[in-house]
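Asks: Starting from the given sequences, assemble the full structure and let the hints guide the process.
Here is what each chain is made of, one letter per residue.
Number of protein chains: 2
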Amino acid sequence: MNNKFQQQKEGAIKGLNDAKKTGDVDSDMVPLIDYVNSLPDYYTTSTCTGRTSLFYDPGGKLDSGWVGKWHSIVSAEDVIKALAEMPPSGRIWFMHEPTIMHIVCRDLARAGALVELARNNGYKKTGILSYKEDRVLVEVCGTERIDAPVAEEGKVLVENKYIEYLTLLANEKFKKGMQRLKNFEKALHALEERK
Amino acid sequence: MNNKFQQQKEGAIKGLNDAKKTGDVDSDMVPLIDYVNSLPDYYTTSTCTGRTSLFYDPGGKLDSGWVGKWHSIVSAEDVIKALAEMPPSGRIWFMHEPTIMHIVCRDLARAGALVELARNNGYKKTGILSYKEDRVLVEVCGTERIDAPVAEEGKVLVENKYIEYLTLLANEKFKKGMQRLKNFEKALHALEERK
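These protein sequence lines map, in sequence, to chains X and S. For the first sequence, this note's numbering begins at 7 and goes up steadily by one. For the second sequence, this note's numbering begins at 7 and goes up steadily by one.
Please keep in mind that the hints were generated in silico from the structure rather than gathered at the bench. Hints may contain errors.
Copies of the same chain look alike in the list, so a pair counts if it works inside one copy or between any two.
Said to hold, decoys possible - Derived pair list, reagent style EDC-like, types lysine to aspartate or glutamate, alpha-carbon separation capped at 20 Å:
no.: 1; residue 1: Lys188; residue 2: Asp40
no.: 2; residue 1: Lys26; residue 2: Asp40
no.: 3; residue 1: Lys131; residue 2: Asp63
no.: 4; residue 1: Lys131; residue 2: Glu145
no.: 5; residue 1: Lys27; residue 2: Glu170
no.: 6; residue 1: Lys161; residue 2: Asp84
no.: 7; residue 1: Lys26; residue 2: Asp153
no.: 8; residue 1: Lys182; residue 2: Asp153
no.: 9; residue 1: Lys181; residue 2: Asp63
Fair warning: this is a prediction, and the values are worked out from it, not measured in the lab.
Replies: Given below as structure tokens:
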């Protein structure tokens, strides 16, 4: 048994349980997170089902942030309302980011199996972010995104109709992402049952 | 000495030399590629300085492609001209993708050093894509992108002014990417000289 892995895993699960209490974990993600953490060789550190957002880029690294952020289907009305509250400077991006999961694996062999499973389930941007003897960190990530600048210096660059179109597209991608997540969970169960 | 690594490296360099002759290698990338390949523990398999494109998504995986693709600064005029030639169905995305490099490393320790160097130089999406005893593949990748849908079913969704704005932004990102590439090359030289 690898004690350091086990200790770190227990720490991560404690942190996760605190985050669940404060509502900082996507509820759609909980079954998969709990399943991964029930496996002896893996645990999650951070995860996101995917999200649509209005990202604020002030032009430097400092003080970037969000004008709006939704881990769910969102209405164009809500996006347009949030956009109206933007700061008077900097650039606003309409973004949709795919599912992302950081999963620590007990060793490289387990990491390799997870990377392969994720890629085969459509998470094409999956790889090993860092490895140490006791801790191999895999990032599971999809590719379907939207990154469209929609406002600058307080002025909206596009018509509302285009925001409506982006929102529709983002919602489609979100739904697809949720389906992929379910398929991945099933595939992980199947992999573990074959052991 | 690890013979399999050496053999595969020689094969990759042969392929690269062929690609150079047919003009299939970004000339801006050649100094860095040649430097990486001169190092005993690394070689490149595929690389791209970054590119701006009009990507055609027909709605399925089949027959996707490009209406326009530029590995350089591009004029809005050229983009608008290319967009006018789009097919009558499917979706067109205006995209800017950051620098990407696939580098094979002799072992995990070398891969780890490369990943760290790349991250410290702003390539935040860098990780190990696959590993075998003789072949650890690192993907070095930036994060700054544009993915904005601009046409659907043969109809442009945005004004020319917005295409001009996207092109300006893409060119800025391209220039930044080229600077980052130079910095990375310098940092790699410094790392190797310290050995």
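Asks: The structure should be examined with respect to each hint, and the outcome stated for every one.
Replies: Here is what the structure says about each hint:
1. In this homomeric assembly, Lys188 and Asp40 come within 20 Å of each other (Cα to Cα) only inside a single copy, at 14 Å, whereas the closest approach across copies is 44 Å.
2. For a Cα distance limit of 20 Å, the shortest separation of Lys26 from Asp40 inside one copy, 11 Å, qualifies, whereas the shortest one across copies, 50 Å, does not.
3. Taking the closest pair of Cα atoms, Lys131 and Asp63 come within 20 Å of each other only across two copies (19 Å); inside a single copy the shortest separation is 24 Å, beyond that limit.
4. For a Cα distance limit of 20 Å, the shortest separation of Lys131 from Glu145 qualifies both inside one copy, at 8 Å, and across copies, at 10 Å.
5. For the identical chains of this complex, Lys27 and Glu170 are neighbours neither inside a copy (34 Å) nor across copies (47 Å), given an alpha-carbon limit of 20 Å.
6. Within a single copy, Lys161 and Asp84 get their C-alpha atoms as close as 18 Å, which meets the 20 Å cut-off; across copies the closest is 26 Å, which misses it.
7. For a Cα distance limit of 20 Å, the shortest separation of Lys26 from Asp153 qualifies neither inside one copy, at 29 Å, nor across copies, at 33 Å.
8. For a Cα distance limit of 20 Å, the shortest separation of Lys182 from Asp153 qualifies both inside one copy, at 18 Å, and across copies, at 18 Å.
9. Taking CA atoms no more than 20 Å apart as the test, Lys181 paired with Asp63 passes between copies only; the shortest distance there is 18 Å, against 27 Å inside one copy.
Hint check: violations occur at hints 5 and 7; the rest are consistent with the structure.
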